[in-house]
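A.B. asks: Listed here are the chains, written in short residue letters.
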Amino acid sequence: MNPHRSGRWAARITAAALLLMPIAGHAADPAQVAQGRYLAVAGDCAGCHTAPGGAAYAGGVAIQTPFGALISPNITPDPKTGIGGMSDAQFLQAMHEGVGRPGHLYPAFPYPYFTKVSDADVLAIHAWLTTLPPVRYKIQSNQLPFPFSIRASMRVWNTLHFTQGRFVPDAGKSAAWNRGASLVQGLGHCGACHTAKNSLGGDETGSPLQGGVLDQWLAPNLTGDIHTGIGGWSVAHSTSQMTDQDRLAIATYLKDQPGQPATAPPAVAGAVMQLGAVVYDQQCAACQTARGTGVDGLAPAFAHAPGVLAPDPINLVRAVLLGAKSVATDTAPTGAAMPAFGWKLTDQQIAAVLSYIRASWGNAAAPVDADQVHTLRGSLTAAAH
Amino acid sequence: MARALPATDVVIVGLGWTGSILAQELTQAGQRVVALERGAWRNTATDFPTTFAQDELRYHIRHSLFLKPAQETLTFRNNASQTALPIRTWGSFMPPNGVGGGGVHWNGQTWRFNPTDFRLRSHLTERYGAAALPDDMTIQDWDVSYDELEPHYDRFEYLCGTAGLAGNIAGKIQPGGNPFEGPRARGYPTPAMQQPFAPTLFAAAARESGYHPFPQPSGNMSQAYTNPLGVKLGPCTYCGFCEWFGCGNYSKASPQTTILPVLTRHPNFTARTQCEVTRINTDSTGKRATGVTYIDAAGEEWEQPAEMVLLCAFQIFNVRLLLLSGIGTPYDPVANTGVIGRNYSYQTTSGVDAFFADKNFNPFVASGAVGMLIDDFNGDNFDHAGLGFVGGGFMGAAQTGGRPILGTLTPPGTPAWGAAWKQAVAENYQSSYSFSTHGSSCSYRGNHLDLDPTYTDPHVRKLLRMNFDLHPNELKMSAFLTDRLGEIVQKMGPRQLVKHPRTGPYSVTPYQTTHLCGGAVMGADPRTSALNRYLQSWDVPNLFVMGATAFPQNAGYNPTGTVGALAYWAADAIKSRYLKSPGPLVPA
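Just so you know, the sequences run in chain order A and B.
FYI, the numbering for the first sequence is 1 to 385, going by my numbering.
FYI, the numbering for the second sequence is 1 to 588, going by my numbering.
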């Protein structure tokens, strides 16, 4: 990361704030608006619709898909460049059917999940969005190559991968399970990343939530698998922003999802373990501690960590090559980061140290292959240029 | 011609410890704050990661983290009979540069000054009589008391997670702590660090001598810590690369590891890096600051108007900006009038090297603030009657690093290079040790700062000129402290002991310490101080000057704890009184 960037971001954020004129609040039910805000945060609309350093919800984030880049639109209530002119019915149609003003929307906008969100919740989100400061910022969303640039092509995709319809509760399950299921399958659109994709970008329906790779990141297994999923997790460790009640509901649902049967991983060669231990002691132990326990809130623990034991080690390799930074939030502002080691360690050293971590302190996962490190190093370096 | 930017509430010059503290306090109070920093932005994992932070050549020898003298330097002379010349390579002290300032590359030694330090002239006059103080000694009271600062020391220590063992909680002396310290409301936020072998032996020898050893208070973490802002620090690994280096382990308290993660999230906060402030602007009356002028990395000149200006740069650069901006009356050492540049002081350090026959000290197991010290000879903790000097310092065994280039102590008589030198380094690396004293520095008429008549910076502005020499009071004190330290070390049974008391004249070449103090000091009288007790300029009430610039003289401690406490003290006055009714907080 550019070391100067944080300061510039702060500067840009302030500059953007200065440009925005305060506007009179939209005449809306305050309870509905508050509910809409909660849901929009829970669904992480900002994740795609707020660019780093840009105005909130004014879009402009490039979303890399295997088919090309899509640029997220402006969803502030600006009538010309945002969604200011949209009626409730049009907003419902976009969220539930994937059809907006330009015609068919692309499923990078996860309407196959949002279709499960109730009308009341969708309208609450719309009510809240209309209270935002309008930002005039024109986005050219569709930058895909032919034939994907033809929006009507999504009709075909929809017949294969899209089932419209609201979430239907399972009467045989608890209220918490159903609430969790509705969030995971609907607004949370968890499977958009955590379910593997087929060649057309549709969900692999046979292995929901068991992990997927997108843009050279692994979105890990969320099912009840003890080793590679969250089966061994205490449900206290969920992410921020949602109410505890909703987080517990999601955990209740996810831990009830089936995983894959466990198989014993192959043993790691002694020479690899020896090299890995040397690299670990010299490069990793200062932050991760000699026993891999990490430091709560700064450096993650390695023992029994599903992210460490995932069958595809792509995220581990990526972190060692490029470094990594944790997300800062208002309640956990530290945002600790790990430096890059790609310039310092060879493919063999990286493979050995990761194999060592995946086979130490009670961990048991397949060794990491130096060829995989080599390949990823090449593609990540290419992506950076 | 500078282009004017939109006005802001507060502009801060320099984003180190004090700039970060004031920015955090004032954005929380609803103020829009713009911080201007002439160095670069710095993050722990990208700018001083564990992958390359421990590089003695890059950081210690080649000064990678510091200001480049080509950007700005100062000229130096010992006294008015000499012609000052520019410092072209830093030596005696290391001016910081970049976000985090000196807070990035300090050792983490986090002290409080003694209660008597804050009313030094009154206290010494009461105890020893006015005649005990030399005529040209200009020490004075701070017009703020230890008791007033105590809650603000506490805030700074809890921000940093300072590791230590209290010696005095609410007047009750605590076993194992420093019994001479002022009363603190509560203990340190984290336990003292683990002590290496040599400090443990020193503590035993000091105890045997009837003294009171205690662990050095440390801004390097003895354990993981979450500060009141919610920012987390990790446990120190005792790698021994603190001073001169940034900490890649999130283990050393710095603006990066304690405040900036929260501050940079605040929408009212803006930081502009690589922007050098060239002037504080005032209106036609000269009594009100209108903002600052600065030059950005592209060489463009900008004016940042603001309701309030906070000078938070390194000590000498605060003084220079005041002089260049024509704020306050420059000090005249002949007439002893004026206040800007007055009472420049430093720190009087010395050491004892000892060579043992039968010890393995493992000097590389180190941290910037790990060690066992005594305070029996600091401040006025001992009777100075008949000694011929005032002041004092702490002393002891502090293990800051056993680094490969400079951690090569050899006995006197060893050749400086070649096979005999290599053999001596190998023989003594594990079994030699440098013990140190950390003495006070009184202020004097001749020791002052002004603008150089000859030399200028790249913007053709006059450089600052430092006029400084060691006075007999400090030299006698250093000899006394070094002798007392030598007596304790002798009890540890070295085969050879070499004392290095500070001797004059002062030289800017060998590194001593970066504790530069004074030049725009605080006090009760506008004729002898530039700032009132809230660090507010007597002349320009919407200007506040932070940092050791305000110290009327320096005590026998590292200054950062007091710098932090004064920053919170001033922030408190600004928030609770100044913002409600802008104007002088103390009638002139």
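I should point out that these hints are in silico values taken from the structure, not numbers from a laboratory.
Do not take every clue at face value.
[As the list claims (entries may be wrong)] Chain B regions said to be covered by chain A (calculated; three or more residues, Cβ under 8 Å):
#1 39–45
#2 92–104
#3 234–245
#4 282–288
Computed from a predicted model, the values in this text were never measured in an experiment.
By construction, the Cβ of each residue, glycine as well, lies at the ideal position given by its N, Cα and C atoms.
A.B. asks: So, for every hint listed, does it hold in this structure?
C.D. replies: Status of the hints after comparison with the structure:
no.: 1; hint: 39–45; verdict: holds (count 6)
no.: 2; hint: 92–104; verdict: violated (count 1)
no.: 3; hint: 234–245; verdict: holds (count 4)
no.: 4; hint: 282–288; verdict: violated (count 0)
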